[in-house]
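**Q** Chains as they are written, first to last, in my numbering: chain E, 1 to 419; chain P, 1 to 419.
Calculated directly from the structure, the hints in this document are not laboratory data.
Worth double-checking, as some hints may not be accurate.
Because identical chains cannot be distinguished in the list, a pair is counted as satisfied if it fits within a single copy or across any two copies.
Stated by the list, open to error - With a straight-line cut-off of 20 Å between C-alpha atoms, the simulated EDC-like cross-links for lysine to aspartate or glutamate are:
no., residue 1, residue 2
1, LYS245, ASP414
2, LYS154, GLU49
3, LYS190, GLU217
4, LYS154, ASP69
5, LYS190, GLU216
6, LYS154, ASP75
7, LYS190, ASP9
8, LYS212, ASP312
Keep in mind it's a predicted model, so treat the numbers as computed, not measured.
Each chain, letter by letter, is given below.
Protein chains: 2
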Amino acid sequence: MNDETAVLDAARRARVAATDLAVASRATKDAALQAMADALLAAAPAVLEANAGDCERAAANGTPEAMIDRLRLDDGRIAAMAQGLRDVAGLPDPVGEVVRGSTLPNGLELRQVRVPFGVVGIIYEARPNVTADATGLALKSGNAVLLRGSSSAKASNTAIVGALRDGIVTTGLPADAVQLVPGDTHEAVKHLMRARGLVDVLIPRGGAALIKSVVEESTVPVIETGVGNCHVYVDADADLDAAEKILINAKVQRPSVCNAAETLLVHADVAAEFVPRAMAALGAAGVTVHGDAEFARLGGSAVVAANDDDWDTEYLSLDIAAAVVPSLEDAITHIRAHGSGHTEAILTRSQAAARRFVAAVDAAAVVVNASTRFTDGGEFGFGAEIGISTQKLHARGPMGLPELTSTKYVVTGDGHVRP
Amino acid sequence: MNDETAVLDAARRARVAATDLAVASRATKDAALQAMADALLAAAPAVLEANAGDCERAAANGTPEAMIDRLRLDDGRIAAMAQGLRDVAGLPDPVGEVVRGSTLPNGLELRQVRVPFGVVGIIYEARPNVTADATGLALKSGNAVLLRGSSSAKASNTAIVGALRDGIVTTGLPADAVQLVPGDTHEAVKHLMRARGLVDVLIPRGGAALIKSVVEESTVPVIETGVGNCHVYVDADADLDAAEKILINAKVQRPSVCNAAETLLVHADVAAEFVPRAMAALGAAGVTVHGDAEFARLGGSAVVAANDDDWDTEYLSLDIAAAVVPSLEDAITHIRAHGSGHTEAILTRSQAAARRFVAAVDAAAVVVNASTRFTDGGEFGFGAEIGISTQKLHARGPMGLPELTSTKYVVTGDGHVRP
Chain E
1 MNDETAVLDA
11 ARRARVAATD
21 LAVASRATKD
31 AALQAMADAL
41 LAAAPAVLEA
51 NAGDCERAAA
61 NGTPEAMIDR
71 LRLDDGRIAA
81 MAQGLRDVAG
91 LPDPVGEVVR
101 GSTLPNGLEL
111 RQVRVPFGVV
121 GIIYEARPNV
131 TADATGLALK
141 SGNAVLLRGS
151 SSAKASNTAI
161 VGALRDGIVT
171 TGLPADAVQL
181 VPGDTHEAVK
191 HLMRARGLVD
201 VLIPRGGAAL
211 IKSVVEESTV
221 PVIETGVGNC
231 HVYVDADADL
241 DAAEKILINA
251 KVQRPSVCNA
261 AETLLVHADV
271 AAEFVPRAMA
281 ALGAAGVTVH
291 GDAEFARLGG
301 SAVVAANDDD
311 WDTEYLSLDI
321 AAAVVPSLED
331 AITHIRAHGS
341 GHTEAILTRS
351 QAAARRFVAA
361 VDAAAVVVNA
371 STRFTDGGEF
381 GFGAEIGIST
391 QKLHARGPMG
401 LPELTSTKYV
411 VTGDGHVRP
Chain P
1 MNDETAVLDA
11 ARRARVAATD
21 LAVASRATKD
31 AALQAMADAL
41 LAAAPAVLEA
51 NAGDCERAAA
61 NGTPEAMIDR
71 LRLDDGRIAA
81 MAQGLRDVAG
91 LPDPVGEVVR
101 GSTLPNGLEL
111 RQVRVPFGVV
121 GIIYEARPNV
131 TADATGLALK
141 SGNAVLLRGS
151 SSAKASNTAI
161 VGALRDGIVT
171 TGLPADAVQL
181 VPGDTHEAVK
191 HLMRARGLVD
201 VLIPRGGAAL
211 IKSVVEESTV
221 PVIETGVGNC
231 HVYVDADADL
241 DAAEKILINA
251 KVQRPSVCNA
261 AETLLVHADV
271 AAEFVPRAMA
281 ALGAAGVTVH
291 GDAEFARLGG
301 SAVVAANDDD
311 WDTEYLSLDI
321 AAAVVPSLED
331 AITHIRAHGS
341 GHTEAILTRS
351 QAAARRFVAA
361 VDAAAVVVNA
371 STRFTDGGEF
381 GFGAEIGIST
391 QKLHARGPMG
401 LPELTSTKYV
411 VTGDGHVRP
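Just need the whole structure built from these sequences, with the hints factored in.
**A** Laid out in structure tokens, this is it:
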């Protein structure tokens with residue numbers, strides 16, 4: 001069986017499984033999630049052995065230690081995956097929710113009801129925990145899932161998926177509710193991306209290059225996730241004490257994630273006071289500042305001269321671009337030109353400035369007087385998150401269980417014909 | 001200026017216009033819609049002259065009369081376009097609606113608010129009324145619109161867009177809120193489909209071939225519309241009098257539209273009684289029936305033998321495919337294999353059969369004891385419709401004004417940082 005046949009065959013089996021999942025009750029799905037958690041814990045020794053092999057091969061290939069750390073599993077991480085599945089079991093079932101409904105003037109009853117997508121494809125990098133997390137969210141929302149992880153995590157993912165399938169079948173649901181995409185080559189991924197009609201939506205999770213390639217090559221509808229060139233704008237009317245705390249939190253608390261700040265913009269009216277303070281605080285936190293000329297003039301010799309690329313860079317590291325802007329409107333214009341549509345923050349005591357910024361900035365999340373780090377499904381109270389959408393179609397911002405569903409109109413009459 | 005430069009330049013001007021539209025008040029947008037209607041009526045002589053030229057050229061090119069009829073405008077059709085714009089002015093503004101909101105445990109205020117997409121592209125065929133209808137819906141929802149109509153309607157569309165732009169500017173909104181995509185070649189459309197980042201969503205309106213080519217070539221997110229291979233399933237427990245009326249309504253009332261029935265499925269238990277009745281009624285209405293062997297055995301010599309393609313054909317004409325199925329489950333299986341996900345109807349007095357059909361059939365609309373013809377934005381009470389989505393992402397079924405928007409999370413704190 002060649003790659004294309006194997007991928008399409010897996011997708012067809014996922015579609016068949018999806019028809020069972022679509023009509024499964026919440027009780028059955030929750031039982032499956034608990035059984036998956038139990039099976040994963042029971043399979044922990046086999047999963048750890050497979051993972052040790054992946055880590056050894058990665059080390060032999062010269063993979064950086066930071067990447068091996070993300071790949072590596074231990075008992076704690078497996079327990080966390082199992083607990084994640086149990087947590088999802090505790091969340092409300094989005095399927096069947098009546099989104100809107102009415103009785104039309106002619107007596108027809110109209111209801112718009114949440115239904116699963118059907119088959120969801122997830123393309124992700126070398127984090128084996130995504131294998132269990134994504135499967136749990138897909139199953140709870142009634143979807144079959146096709147998983148394409150990094151080839152460096154293949155043994156780990158195979159062991160995890162084997163355990164999850166063992167758990168699922170104990171509840172009478174089909175094992176093919178979760179499958180790894182067969183084949184190791186880039187061609188196999190391409191076949192997944194072209195399986196329109198069999199796969200309902202693809203969600204790439206990972207770096208900008210992965211997401212760009214999926215968006216460009218896929219004929220299956222894609223939900224873009226996760227690239228964040230997030231700005232913190234310190235307005236002329238900002239509380240500078242609060243601004244300093246928020247800036248440091250947004251940049252330093254977890255620099256490797258998409259909702260960390262990557263650019264600081266400071267209004268000229270407060271630049272003489274705030275830039276030196278920001279430099280001292282960022283410097284103490286180990287952050288390298290890439291500043292424009294005015295920021296460098298006020299910030300001193302520690303400021304590295306920014307080049308054109310800095311304004312568009314998602315560093316994901318202890319670096320930040322920084323500029324002084326003459327006005328609120330210039331901050332908005334800068335963000336329009338360089339933002340990635342993820343999270344943009346304004347720090348101000350001015351109601352008018354906040355209102356203008358919120359209305360004019362086009363992003364998944366616009367934050368007033370708080371850290372960019374709050375754009376997160378957990379922080380928003382969604383209970384779980386499959387990713388953060390930076391596109392405008394279907395879902396925007398953190399995606400929880402409802403964002404993994406579509407809707408269906410149910411129209412009920414008693415012999416109605418259209419006049 | 002070559003095609004690519006011209007298309008991208010138009011898209012950039014649309015983006016600039018979109019930033020003004022996004023913050024325009026409902027009052028301003030409604031005034032613009034009324035001004036557009038006034039300008040269109042004032043320009044009627046010029047529009048009719050341009051349209052007469054289009055119709056002459058179409059006739060000279062041997063275009064079928066039915067297509068020329070769709071292309072042709074008269075005073076009544078122009079008045080209807082103007083009234084359509086005024087009707088949209090009367091609809092609620094979707095922008096600014098708070099979709100959900102809460103105060104998080106840490107005191108952050110979270111609101112999810114409807115915002116415009118930004119720039120919407122519409123690709124459509126030779127119906128000049130779409131030019132005004134789509135522009136009205138886009139403007140009311142705060143979007144700039146790039147219109148790509150059929151080249152056969154170019155003079156008509158140019159005249160209509162000129163009038164609409166004249167109306168818009170009287171209210172202070174930018175004329176570039178509505179533009180025709182420059183260039184006549186297929187290459188020009190391709191540049192529109194690759195303008196990711198400048199165009200937020202593309203909506204193709206037209207036949208299956210047009211929609212397929214947009215879906216395959218576009219890197220801009222697409223909302224698929226309008227292909228309907230709709231089934232009417234007459235269950236063992238159907239009221240056969242009602243079934244006959246619904247079948248004829250679904251097939252005959254307006255056969256050229258996407259919510260017309262294209263396949264009839266009859267449960268074997270009622271086939272001996274219903275098939276001859278259906279044949280008589282369909283025959284009297286001038287419908288050609290393409291039946292399977294069992295349908296032909298019961299339906300008599302007027303039944304044309306169906307081939308494999310008939311089950312997948314959207315006739316859009318007075319033709320219907322017809323089969324006898326042994327069970328409800330077989331009807332569901334048939335629809336799963338051949339339906340286009342538009343509208344599927346069951347006719348039954350059985351609550352259990354209706355419930356099973358509604359749960360198991362995966363389509364934008366599932367109809368119980370009523371005609372498929374009700375799947376329509378106007379019938380659903382949406383006031384207006386940009387098309388009927390047959391995809392699962394973003395919007396499914398008739399799309400009104402809210403479906404032309406995205407959302408944005410607004411997060412408000414007073415110095416919140418993430419612990």
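**Q** Does each hint fit the structure? Answer for all of them.
**A** Checked hints:
no. : hint            : result
1   : LYS245 x ASP414 : between (63 Å within a copy, 12 Å between copies)
2   : LYS154 x GLU49  : within (12 Å within a copy, 67 Å between copies)
3   : LYS190 x GLU217 : both (7 Å within a copy, 15 Å between copies)
4   : LYS154 x ASP69  : within (16 Å within a copy, 60 Å between copies)
5   : LYS190 x GLU216 : both (11 Å within a copy, 14 Å between copies)
6   : LYS154 x ASP75  : within (19 Å within a copy, 67 Å between copies)
7   : LYS190 x ASP9   : within (14 Å within a copy, 32 Å between copies)
8   : LYS212 x ASP312 : within (15 Å within a copy, 34 Å between copies)
Checked against the numbered hints above, the structure violates none of them.
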